[in-house]
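Use these hints to put chain S with the ligands onto chain L, whose structure you have.
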Amino acid sequence: MLDIAWQSLRNRWSTALLAVFAIAISVALILTVDQVRRDARTAFVQTVSGTDLVVGARSGAVQLLLYSVFRIGNATNNMSWQSATEIAERREVAWTIPLSLGDSYRGYRVLGTNQGYFTHYRFGRDRQLSLSDGVVFDDLFDVVLGSEVARELEHKLGDQIIIAHGTGSVGLATHDNQPFKVAGILAPTGTPVDRTVHVSLEGIEAVHVDWRNGMQVQGEGTSADVIRDMDLEPSEITAMMVGLKTRGTVFRVQRAINNYRAEPLLAILPGVALQQLWDLVGVAETALLAVSAVVVLAGLINLISVLLSSLAERRREMAILRSAGASPGTIFRLLCLESTLLALAGIVAGFVLHQLTIQLVSAILSTRFGMDLPSHLPGVSELLLCIAILVGAIIAGAIPAWRAYRQSLADGMAQRT
Amino acid sequence: MRQETQETSPTAALINLERVRFSWTAAPSPTIDIKQFRVEAGKRVFLRGPSGSGKTTLLSLVAAVIPPDKGVIEIAGTDLSTLQGAARDRFRADHMGIVFQQFNLLPFLSVAQNVTLPCRFSSARRQRAQADSGSLEAEVCRLLLALKLDAGALLHRPAMSLSVGQQQRVAVARALIGRPPLVIADEPTSALDTDTRDAFLELLFKEIDATGASLLFVSHDKGLAERFDQQLDLPTLNRAETPGADMTLQDR
Ligand SMILES: Nc1ncnc2c1ncn2[C@@H]1O[C@H](COP(=O)(O)OP(=O)(O)OP(=O)(O)O)[C@@H](O)[C@H]1O
Ligand SMILES: [Mg+2]
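Each protein sequence line maps, in turn, to chains L and S. Heads up, the first sequence is in my numbering, so the first residue is 1 and it goes up one at a time. Heads up, the second sequence is in my numbering, so the first residue is 1 and it goes up one at a time.
The shape of chain L in the complex, shown without the other chains (with noise of 0.2 Å):
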C-alpha cells in the first residue's frame, strides 16, 4: 500500500513537490518564528544576573530597564551623584554600579562606570566580565572595549580613540582634544556588554569639560594636563545597579528608594521589569506566531485542494484498484497515506530549513558578532509543534480522502472521466 501511495505521487511529483514545498517553507517559518522569540528571551534574561536592583530618575520601569541594561534608547532623566553615594552607603547593600551613558564612539555606546562594574556585574548563568587583553581602565583616558567593538574597528592595545557627543552615528561633534587609549579588551559575552566601550565615569567628565549645556564653548580646547588636575567628581549619573547583601531586604530597598525625598528615583527588581517587557512584547509574539499558523494553515488548505483537484483524474485509478479488490477503505485509507506522506515530507524540509536557517544564522552571528547562541538541539516544543502540524495535516487530508471513498461507493466499475 505505501509502495502504490509513493509511487502515486511520483508520478505527479511537480505538484506533490510543490505541496510539500508550501508546507516544508510554512513549517520553517513557524519554527524559526518560535526559535527566535524563546533565543530573545534567553538573551535579554540572561544579561543580567545577579543585580537585585537597578536605580534610576523616574521613569517607567521597563524603559529604565531597557537603557540601563540593554542600551536600548536613551533616559529622559539623570539621577544625582549625591543620591547614588548615599544609595550605596545604606547599611542593606553590598555593592553598587554606577552608569554614566550618553556619548558614543563610531556607534557604540560608551559607558562611564568604576571597576566596581568588572567585579560585581554578572551575566548569564553568575558568570562574571573577563578581559581577553590588557588591564582595566586605571589612568583617567584608559577605555576597555566590548569584544565586539575592538573586532569590528580592528582596535588594539595602545590604540587612540575619540569620543563623540550624543549617540547617533553621524554628524556628532566630536571630543578631540581629549584621546582615549585602549587599556583592554573584554571576552565575549553575548551580551550588549560586547558592544560597550568602557571609560571611568570620570574619563565621562573630562571629555565634558568644554562642554557647558550640552554645547561646545568654541575656543576653549582644555588639554589633557589641565584637566588631570580637575575635581572630576560627577554631579550625576544616569543609573545604578545594586546589589543587596540578602535578598530578603530587596523590598524594604526598593520601597525606600522610590520614596527618596530628594528627588524623584525609580527602583526596580530586574526579574520583574522583564515580566513587564514580555507582557508588551507578548502581543507582538502572538501576532507573529498567528501569522506563522495561518502560513501553516495555508500550506495545508494548499495540501487538500492539491489532493482534491487529483481526485477527478484518479477516478479511473480507484476503479482499477476497486475491481481488483481494494474496498473503499482501502481508497480512503491510501489517500490518507499521501497526505500524511506529503506533509511528513514537508515537515521534515521544513525542520532542516529551520535548522539550516538557525545554523547559518548562528555561524553569522559567532563570526562577526562573537555571540554563541545555544546550541539548537531540537527542543520539546519544536517536537510538539511538529507533531501539531503533522495531526492537522492528517486531518486535512482526510478530507479528499473522504470524498475519494464517497466517489468509489457511487461510481461503479464505470469507465467515465
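Each hint can be trusted.
For each label pair, taking beta carbons as the anchor points, the in silico distance ranges come out as:
no.	chain 1	residue 1	chain 2	residue 2	range
1	S	D69	L	I394	32 to 38 Å
2	L	D3	S	D193	32 to 38 Å
3	L	N11	S	Q127	29 to 35 Å
4	S	Q127	L	D3	18 to 24 Å
I should point out that these hints are in silico values taken from the structure, not numbers from a laboratory. Beta carbons: idealized from backbone N, C-alpha and C, even for Gly.
Positioned in the frame of chain L, the structure of chain S with the ligands alone reads:
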C-alpha cells in the same frame, strides 16, 4: 489445474441473479431490472446491448462493486448480501478477474505490480498464484509469456510505457492470476484494431480454457458473438417477464 478452481460442480450456476433491481440515484427508472439470469460454471457468455443499456452496471452488480436495491445475487454459491463491507471486496479479489475497455492499469506501477494487484487484496489468490509457478514473480512471467508478451523486458517497465494492445494483455494477466473462477471483461477489444483484437481474443480464450474459469464478456461487436457458448441481449433480459435465461440464452 481445472479441478482446483471448480468449487461448484460443472452444472451448478456460477452466477445466479434473481429478481434483481438497481437504479442509479438520479435515474427516473431502474437501470437493471432482471427476473433471472444464470451463468453456469466454465461457460463463456457474450453480453451485448446498446450503449447506456446498463451492461457495465450489471457487471458492477455481479462484481459486488455496487449492491442491488432488491433481489439476490449469488456468485459461486455465495449470496453477496451476506457479505459485509470489506468482505465483499475480498470476495471479489478471491473470485474474479476484471478487464476493462482500456486504461486498465495503474500507470505509475510496473507491469509486475499491476498484474499482482489482486494478490494484495486476497491472500487465497496470492497463494494459488504462488502454488501455480512456485513464486509470484514466476507466475507473472508465465502468464505474460502465455499472452505473448516479452516478460523479461516488460516486467519492471512502468505500465504507461506500453502500447494499448500490450496493456490489454497485461490486464488479462491480472484477471487470470491466481485462477479466479470468474473473469469479467467489459468491452476489452473496442480499443484494439481488428488484427490485434483477434489475436487478443485467441489468447484470452486459451488462457480461460487453461484455468477453467467462466467468462462474462460484454461487447458491441456482434461479430464476436459466435465464438461464445452463450449469447445474451441485455435489453431483452432486462425487460423479461419470464426467466431471462429461457428467452435470451441461445445455447450453441
Ligand atoms: N456512476 C453512475 N452514476 C449515475 N448514473 C450512472 C452511473 N454509471 C452509469 N450510470 C447510468 O446508468 C445507465 C447505464 O450505464 P452503463 O454504463 O451501465 O451502460 P453501458 O451499457 O455499459 O453503456 P456503454 O456501452 O456505453 O458502456 C446510463 O444511463 C448511465 O448514465
Ligand atoms: Mg459500459
